[in-house]
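Student: Here the protein sequences come in this chain order: A and B. Mind the numbering: the first sequence is residues 1 to 407 in the UniProt record's numbering, read in order. Mind the numbering: the second sequence is residues 1 to 78 in the UniProt record's numbering, read in order.
Since the hints were derived computationally from the structure, they do not count as laboratory data. Glycine is no exception: its CB is placed at the ideal position from the N, C-alpha and C atoms. There could be a bad hint or two in this list.
Unchecked claim - For each label pair, taking beta carbons as the anchor points, the in silico distance ranges come out as: (1) B:Pro45 <-> A:Arg32: 26 to 36 angstroms; (2) B:Ala67 <-> A:Ala27: 37 to 47 angstroms; (3) B:Asp43 <-> A:Gly314: 41 to 51 angstroms; (4) B:Trp8 <-> A:Glu121: 25 to 35 angstroms.
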Amino acid sequence: MTIAAPTDLPLWPPTNLDRDPLVPLDAGERRRFAGPVTRVRLPTDATAWLVTRHADVKQMLRHPGFSADLSRPGFPLLRRIPPGAFGDRRGGFLRMDGAEHARLRRMLTAEFMIRNVRRIEPLIRQTVDRALDDLHAAGPPADLVTHVALPVPSMVICHLLGVPYADHDFFQERSRTLIDRDAPPERVQRHVRELRDYLHRLVEAKVAAGEPADDLLSRLARDRVDTGQLAVDELVGMAVLLLIAGHETTANMIGLSTLLLLRHPARYAALRDDAANADGLVDELLRYLSIVRAGLPRLTTEDVEIGGRLIRAGEGAIAVLSLANRDRTAFDRPDDFDPYRAAQQHVAFGFGVHQCIGQPLARAELRIALVELARRFPRLRPAATAGRLPTRDSSVVYGLDALPVTW
Amino acid sequence: MSGAVRVWVDRDRCCGAGNCVVTAPEVFDQDDADGLVLLRRADPPADAVDRVRLAVELCPAGAISVAPRPVPERSSTP
């Protein structure tokens, strides 16, 4: 759609920076956006349909008539950056459709299935223990984001992929640029290229290695690249995707979850005393915090009816996960945080064939990190700070940049 | 409240998210080789039927379906 957006349409995503970090949208924004499918203006001045109800979001994301390929003309981009700035897109299956997407995703599904994640739980636990040692040594007070939330998922995904954690400053900075909606295009372009070059060298070394190491990229190099099923550049693109997804998302969930639990001391204590319910608590945290707050953009490839609204072929739509997760037709008293509710129906990991492939890993990391934190630091509380907590307002993945704590 | 059901899975649709395995592990499994869904049994026990229905709802790819299973007649052949 190239029709200029009427300026009276509300802008999505909203840019109110005064919200509490635990509130996805303020009351006025909720009234404006939540409900039946409605039209919005995007930062590019294009228009798109906003889909916010739980049933509508599920229907949309499961529907084959929506494309995730942001290089298609008319794709509803959530930032003003030309898709060409992302450079070589080979292997980036998050932005592919149909058989092309399935071919690459299916090379990874077995790696992240629950049975294999259970096998690496001891490694996650060890990583969490070490991070909590660091936190203890650094304070009180100390920054939970620096010492726990960021390093735990980053170390775990590095170990799984076979990427040296020693380089974490390099790829953390670059992956942050890639998911920052306000990052200037030149910087995005440079950082994508640098990250690809870095992983290209790493993948080439793994392909050339005589004896493959026991990590995901080495296994794919041996089983898929050596056998001619996968090009090196595709494996590099998959590595970029896994590296970014593997530490940005869980890191932000650990930080925000800790803030939420410290505001509910009884719940924080229950995490220690009733660890058996930790799985339920994790799902409720995922629902309640919904860190991919601006939602998932898609382009229709055919006429589709969603929630009673006809969306024409070639129009854009945004599935707002955070609002679907606060839909009272799906969740009783949706604005209450209730670790004992059945929250599994949340769509925090997305829905449809692109649903997070690493969700068993994310759940395990979150559960172990929070349970161990509550065990080791029973008196944990937010440290007094001047002003508001620094938040990632322009990031595709919302979160805290710092969470000073004391004990 | 749920009667007996029969379950089908569509491996062509499956995206290997694994929600079904977590929800009803006695009915669903994942293939070691490709991570895609495997059916342990097409006739889930009575105490698993509600969880199988939840798995249908949770499946992001719509790869699971259920239908009521008729009560077998005495003289019927399998």
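Student: All hints are to be evaluated individually against the structure, with a verdict given for each.
Tutor: Taking the hints in turn, this is what the structure says about them:
no.	hint	in the structure
1	B:Pro45 <-> A:Arg32: 26 to 36 angstroms	violated, 48 angstroms
2	B:Ala67 <-> A:Ala27: 37 to 47 angstroms	holds, 44 angstroms
3	B:Asp43 <-> A:Gly314: 41 to 51 angstroms	holds, 45 angstroms
4	B:Trp8 <-> A:Glu121: 25 to 35 angstroms	holds, 32 angstroms
Hint 1 from the list above is the single one not met by this structure.
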